[in-house]
Amino acid sequence: MITITINGKSIAANPGETILQAARRNGVEIPALCLMMEDRPIGSCGLCVVKILREDRTSYVRACTTKVEDGMLIETHPPEIEEARKTILELLAEEHEVGGELQALLDRYGINVERREVIREEWPENPFIFFNPKACISCFRCVQTCGEIKENHVLVRRGRGARIEIVAGVNDSLKDAGCAFCGACIDACPTGALIEKTAIRAKGPLKKVTTICPYCGVGCAIDYFVQGNRIVYARGNPEGVNRGDDCLKGRFGWEFVHSEERLKRPLIKRDGKFVEVSWDEALDYVAQRLREIREKYGADSIAGLSSAKCTNEENYLFQKFMRTVIGTNNVDHCARLCHASTVVGLFKVFGSGAMTNSIEDLMTSEVFFVIGSNTTHAHPVIGTLIKRAVKRGAKLIVADPRNIELARYATIHLRHRPGTDVALINGMMHVIVKYRLADYKFVEERTEGFEKLKEVVEKYTPERVERITGVPRDDIIRAAILYATHRSAIIYAMGITQHTSGTANVASLANLALLTGNVGKEGSGVNPLRGQNNVQGAGDMGALPNLLPGYVRLDAPYADEIERIWGTKIPREPGLTVVEMMHAALKGKIKAMYIMGENPAVSDPDRSRVIESLKNLEFLVVQDLFLSETAQLADVVLPAASSLEKEGTFTNTERRVQLLRRVIEPVGEAKPDWWIITQLANRMGASWSYGSPKDIFEEIRKVVPQYRGITYKRIEKLGIQWPCTDEEHPGTPILHVDRFPTPTGLARFAPYEYKPPAEESDEEYPYILTTGRTYEHFHTGTLTRKMEGFNELMPEAFVEISSDDAEKLGIKNGDCVVVESRRGAIRVKAKISKIKKGVVFIPFHFAESAANTLTLDALDPEAKIPELKVAAVRLKRC
Amino acid sequence: MMLLRDAKTLDAYVSSGGFSSLKKALRMKQSEVIKEISVSGLVGRGGAEFPTGLKMKFVAQNLSTPKYVIANADEGEPGTFKDRVLMERNPYQILEGMIIAAYAVGARKGFFYIRHEYRKIAREIEKEIDELYSEGYLGSNILGSKFSFDIELVIGAGSYVCGEETALMESIEGKRGFPRIKPPYPAQRGLWGKPTLINNVETLANLPLIIELGSKRYTELGTHLCPGPKLFSVSGFVKNPGVYEEILGKITVRELIERAGGAEGNLKAIMIGGGAAGYIVDKSFLSMPLCYHHARERGIFLGTGDIIVLNDEVNLWKVLLQIAKFFEHESCGQCFPCRYGTKRMRELIEKILRGEGKRRDIERLDAIANALKIASLCPLGSSAALAYESAMEYHRDELMEVIS
Ligand SMILES: Cc1cc2nc3c(=O)[nH]c(=O)nc-3n(C[C@H](O)[C@H](O)[C@H](O)COP(=O)(O)O)c2cc1C
Ligand code: SF4
Ligand code: SF4
Ligand code: SF4
Ligand code: FES
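Protein sequences, first through last, are from chains A and B. The first sequence begins at 5 in the numbering used here and counts up by one. The second sequence begins at 266 in the numbering used here and counts up by one.
Just so you know, the hints here were simulated from the structure itself, not pulled from any lab data. Treat each hint with caution, since some may be false.
Dumping the calculated DSS-like pairs for lysine-lysine here, alpha-carbon to alpha-carbon at most 30 Å [stated by the list, open to error]:
id: 1; chain 1: A; residue 1: K138; chain 2: B; residue 2: K638
id: 2; chain 1: A; residue 1: K71; chain 2: B; residue 2: K440
id: 3; chain 1: B; residue 1: K623; chain 2: A; residue 2: K90
id: 4; chain 1: A; residue 1: K399; chain 2: B; residue 2: K623
id: 5; chain 1: A; residue 1: K13; chain 2: B; residue 2: K638
id: 6; chain 1: B; residue 1: K447; chain 2: A; residue 2: K71
id: 7; chain 1: B; residue 1: K294; chain 2: B; residue 2: K481
id: 8; chain 1: B; residue 1: K440; chain 2: A; residue 2: K179
id: 9; chain 1: B; residue 1: K288; chain 2: B; residue 2: K273
id: 10; chain 1: A; residue 1: K395; chain 2: B; residue 2: K459
id: 11; chain 1: A; residue 1: K399; chain 2: B; residue 2: K440
id: 12; chain 1: A; residue 1: K90; chain 2: B; residue 2: K583
id: 13; chain 1: A; residue 1: K90; chain 2: B; residue 2: K590
id: 14; chain 1: A; residue 1: K395; chain 2: B; residue 2: K374
id: 15; chain 1: A; residue 1: K55; chain 2: B; residue 2: K638
id: 16; chain 1: A; residue 1: K395; chain 2: B; residue 2: K440
A few chain B residues that face chain A, going by a derived Cβ cut-off under 7 Å, partial list only [as the list claims (entries may be wrong)]:
id: 17; residue: Q453
id: 18; residue: Q599
id: 19; residue: C600
id: 20; residue: P602
id: 21; residue: R604
id: 22; residue: Y605
id: 23; residue: K608
id: 24; residue: A632
id: 25; residue: I639
id: 26; residue: A640
id: 27; residue: L642
Remember, predicted model here, so these are calculated numbers, not experimental data. A virtual CB, placed ideally from N, CA and C, is assigned to each residue, including glycine.
The whole structure should be built from the sequences, with the hints applied where relevant.
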């Protein structure tokens, strides 16, 4: 502690703090307009200047940047400084329109001057952010946020002197400059120069409701600002897992709830046309048809698709409905298409199929190994976290055939051929074993099966792996050494899972982590990033054909306990997975389907066949927000409430169970899914009495051991990470710290040999197609494509192709191209990029040029996940 | 002449004793070199008048590495041309000083930052640096010692503010030349965040002198308050404008003007310090000895050593307008007081020159000058107030004549 004197009062100050911090702590208010973060002063406004008295001279310094020194004599409000502050504020008010924080300062200093008309350049149009150049005082808060905090580096300063201004990069339009539309600059702006377009006209008080973002698995807490039954704007909540961050979808992606196209009343198809009916009529009809089909063909002729977009409570009810009311295990959800192999692969090695570490914990990693994840696009908040960590000195290995944004931050970029992940990872393990870089103590004490692994990876010399993957041998060695010698975290997503070798890929990553002791420790682990907001929860709740809630096997003793709690029998034969259901429907074995919040007609592989299958059904019920491509094929469509219109819980990618709050009332007659399921169940003979999601959650706690200690009350502020075994348990940020949840407590190496993908390029189809997501859209676009702004940013599908290949085919940027596989053909625009030669990429959000027309439904033998990431195609100009 | 001696070739420089100081310094301990310079009383010749020895000590004591040395030859002040003449006539002495400084503070790498407009001189300096490499004065193991040092030449970004030390470092780092907030000072965190010694080229040219003469004899050169030689750029209404080398404290302003042939016309005012960042004073300053100490006692700075003579044909408001325009044009725009203050100052002076000046405008100018001085982020903004404030102090009556 040191002593300083502020305005004659002696004060104890901490060495290292600024004068401003010391003053603020002691209740001395110094105006500070340009300061956002106390530890990163900008220094533009000059309002915080204070006077320092020394023996020989006095000086004026910025309080926001100057550190305290022992014995400092400080005056914060002498007349000449107050005079200077007034002058600065007057100059500002003469030059600019003002609002926000600045207006408050002007009022405080009683400044009332005439504003002169200064012409300033407007920004080119963009869909989301309104910029008023007259109100911009060039304080650079937005520039700091966009660059230093968000690592987006879009906003920059241009010009000099009084003509200095803020522009978007060198290209001038936000979109062209690579704006992520994260909206952080809006939060930073002290004058209202930057504001959401939707908020421009909002007047009067707004109500703030915090809930969980309806998009990806990061599970950001978002504050929604509401007027009447309409959302005005949204921003990241500082207390959530996102710590105030958010992304385009979180911040601007709520407009779909107000879309004109929302379903408002139940629909029944009569003579090929939908007619609006009452809820009673619709529900009675569905119950009656399902009963009839069950009587006629048996319970196993009915299948249900639950949804990773619905709450835990709804998923729980859905599987319970299928199992106990219908009487079949034919229940699955879209995680089959994204992370089934994660669950199987990680289960095999670790005994538990979830992300081992936490989002926050990743900030302590020394090395990130990102494989098969375009993190900045698909999980932007975690992407930003990685970029920040790299800026702070962490190292990054990226394995991806595409030149994804993170590759720019990477120490090593491994561009392997799609489908060769096992070879790549085995190659890294080969190097680690050969150079004795393994954590032998960890291997000895915590694992079994090392000898088997050694035998397998023995054969994967860097030279051989180079031949298989196309990655230079030296890069394989460098990556292996970098990963093995640090506290390293593996991060992966669908680029790993959506393969016929999906389980092998996942297990190999888990092997790699075990081999180097990178499990059960801070900043390490194997971390699958979940696509949908509640993929984790849908699996936890047992929306799976072979597992009950809590991943309980159908033949496990605990299944009897669940029967006891439910008071009914559970069928013990495993049911069909998503793709198997479609095959069975085509064959006429499945006669009816109940689909909640999913759009298999676009999301599933070989979509022409999927559509045929759905058409082949006798009865199809779809429950959704919109008349999706799948709903159009249905006999009955039930309008569901969106997640912003209901309560419940979502479990994010790091196993955190988070509470949803109702932001607005459901539109029209839309109802929450849990209400609809309960109504149907009761119409089919059950007597369920759930009055609210909370009632359902209380039952979940009884059934699912991992959730036992979690209550709505405990997660009001921040969610808890399962396993959480009792109400005193704090939750589990890091899995497997002391033991693995296997019978022996040890992890089990599960080595795999490399197997080529189901389809390889050949003379006829010389290119490898890989598919994925873009930053601007989500899944099949049912939500994002309902919003104008998002369509403006990315109006249509494209095929990414390397410049070499484009030249060979005579294709230019923007040309129309026909992409054709053995299953079908689509037309898309060409986008020439730095993708690996021989590989092309198409996003899968667009029904009119659906990538999944081309993909094949070859399945991973263990997880039954289809190989969406590799298909052989050929290209030609339209 | 100690600074302006003509030694344009390496041979000429060496045969007149050049590089003997470096040899001597390399035999001394680094701390001894710094001590000599501290005792010599040398202060920076780039305008800020900071004691050079102290600055070197700060850099030497900083434990962080690598360290850098920068020679500042950005000379952007209107009316200042002393560095140009020095570089033309005696370039090796600057480079020798730079090598000595690097040895003293423990730097292995130096940058010679020269303004864009001096491209021709820069080409010469580049050749001279190459020569020093081939003769073993630069590079590894200089003159057989364990000390190694490299110099890289950097051409300036072409704006006045880039001469400001932190903006200059941004510019070397490849960014736009926006001044940084100080503290931290360059000695703490300079180029790429590392401890950096930055000196004006004239300052550096003094180092060989100090080592050669020893600090004791060097201090005896001037007065005990203000030792050493100094270059003065004399211009304006004088018969023989040019750069004059004088011993500090030995002559008065009047004597210097006489040495430049005397004033043309009737001397009314003198601008001292810099052509923009300077003071407009009256005849009473003619008797002031040219010495940092005396200047400070009279409330001004010698700065870069510009003396600009103004005669009675000059309209002081017009002079102030030129200066205001210069600052408005050179303001980087980073901070509010300077960005808007310099602009408004120019507008108000224009209004006065149109004959529309009111008392309120003077009050406004006073307020802006106050804000500039107190709240600017870098010294460019604060020095934008100097000319106006000093002119108001010494020529108030004349300036107020046109105000209604
Ligand atoms: C706007 C501005 C321009 C400057 N230009 C120069 C310059 O051209 N040359 C120079 O040596 N110092 C210049 N300085 C001073 C430098 O910031 C710094 O004080 C000097 O290089 C230190 O060297 P010295 O201690 O040897 O004087 C300038 C300062 C300001 C504020
Ligand atoms: S929205 Fe985000 S990325 Fe775009 S300019 Fe603002 S801060 Fe930068
Ligand atoms: S837009 Fe807002 S935050 Fe950005 S510089 Fe202008 S006033 Fe500051
Ligand atoms: S005082 Fe002027 S030149 Fe210096 S930082 Fe501020 S605006 Fe830029
Ligand atoms: S708060 Fe703006 S300069 Fe310190």
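For each hint, the structure was consulted:
1. With a CA separation close to 27 Å, the supplied pair A/K138 and B/K638 stays within the 30 Å bound.
2. About 26 Å separates the Cα atoms of A/K71 and B/K440, which keeps this hinted pair within 30 Å; it holds.
3. Of the pairs offered as hints, the one joining B/K623 and A/K90 holds, with about 21 Å between alpha carbons and a cut-off of 30 Å not exceeded.
4. Using a Cα cut-off of 30 Å, the hinted pair A/K399 and B/K623 is violated, with the two alpha carbons roughly 64 Å apart.
5. For a cut-off of 30 Å, the pair hint linking A/K13 to B/K638 stands: about 27 Å separates their Cα positions.
6. Between B/K447 and A/K71, the direct Cα distance comes to roughly 11 Å. Compliance with the 30 Å bound is thereby established for this hinted pair.
7. Among the hinted pairs, B/K294 with B/K481 is consistent with the structure: their alpha-carbon atoms are about 18 Å apart, no more than 30 Å.
8. Between B/K440 and A/K179 the alpha-carbon distance is near 24 Å, which keeps this suggested pair within the 30 Å criterion.
9. With a C-alpha separation of about 20 Å, the suggested pair B/K288 and B/K273 falls inside the 30 Å cut-off, and the hint holds.
10. Simply put, A/K395 and B/K459 have alpha-carbon atoms about 18 Å apart, close enough for the 30 Å limit, and the pair holds.
11. The suggested pairing of A/K399 with B/K440 holds, with an alpha-carbon distance near 25 Å, which does not exceed 30 Å.
12. With a C-alpha separation of about 28 Å, the suggested pair A/K90 and B/K583 falls inside the 30 Å cut-off, and the hint holds.
13. Using a Cα cut-off of 30 Å, the hinted pair A/K90 and B/K590 holds, with the two alpha carbons roughly 24 Å apart.
14. For the suggested pair A/K395 and B/K374, the alpha carbons sit about 26 Å apart, so the restraint of at most 30 Å is met.
15. Note on A/K55 and B/K638: the hinted pairing holds, with a Cα-Cα distance of about 12 Å set against a maximum of 30 Å.
16. Of the pairs offered as hints, the one joining A/K395 and B/K440 holds, with about 18 Å between alpha carbons and a cut-off of 30 Å not exceeded.
17. The interface hint given for B/Q453 is violated, since its Cβ lies 11 Å from the closest Cβ of chain A, which is over the 7 Å cut-off.
18. Residue-level restraint check for B/Q599 holds (minimum Cβ-Cβ distance to chain A is 6 Å; threshold 7 Å).
19. Because the beta carbon of B/C600 sits about 5 Å from the nearest beta carbon in chain A, less than 7 Å, this interface hint is met.
20. Evaluation of the B/P602 hint against chain A yields a held restraint, the C-beta minimum of about 5 Å falling below 7 Å.
21. At a threshold of 7 Å, the smallest CB-CB gap from B/R604 to chain A is about 5 Å, leaving the interface hint in force.
22. A cut of 7 Å between beta carbons decides the hint on B/Y605: the least distance to chain A is about 4 Å, and the hint holds.
23. At about 4 Å, the closest approach between the beta carbon of B/K608 and any beta carbon in chain A falls short of 7 Å, and the interface hint on this residue holds.
24. Contact between B/A632 and chain A, as hinted, is supported at the beta carbon level, the nearest pair being about 5 Å apart and thus within 7 Å.
25. For B/I639, the suggested interface contact is upheld, since its CB lies about 4 Å from the closest CB of chain A, less than 7 Å.
26. The closest approach between the C-beta of B/A640 and any C-beta of chain A is roughly 3 Å, which is under the 7 Å cut-off, so the hint is satisfied.
27. Restraint check, B/L642 versus chain A: the minimum CB separation of about 5 Å is within 7 Å; hint holds.
Hints 4, 17, counting from the list given before, are not met by this structure.
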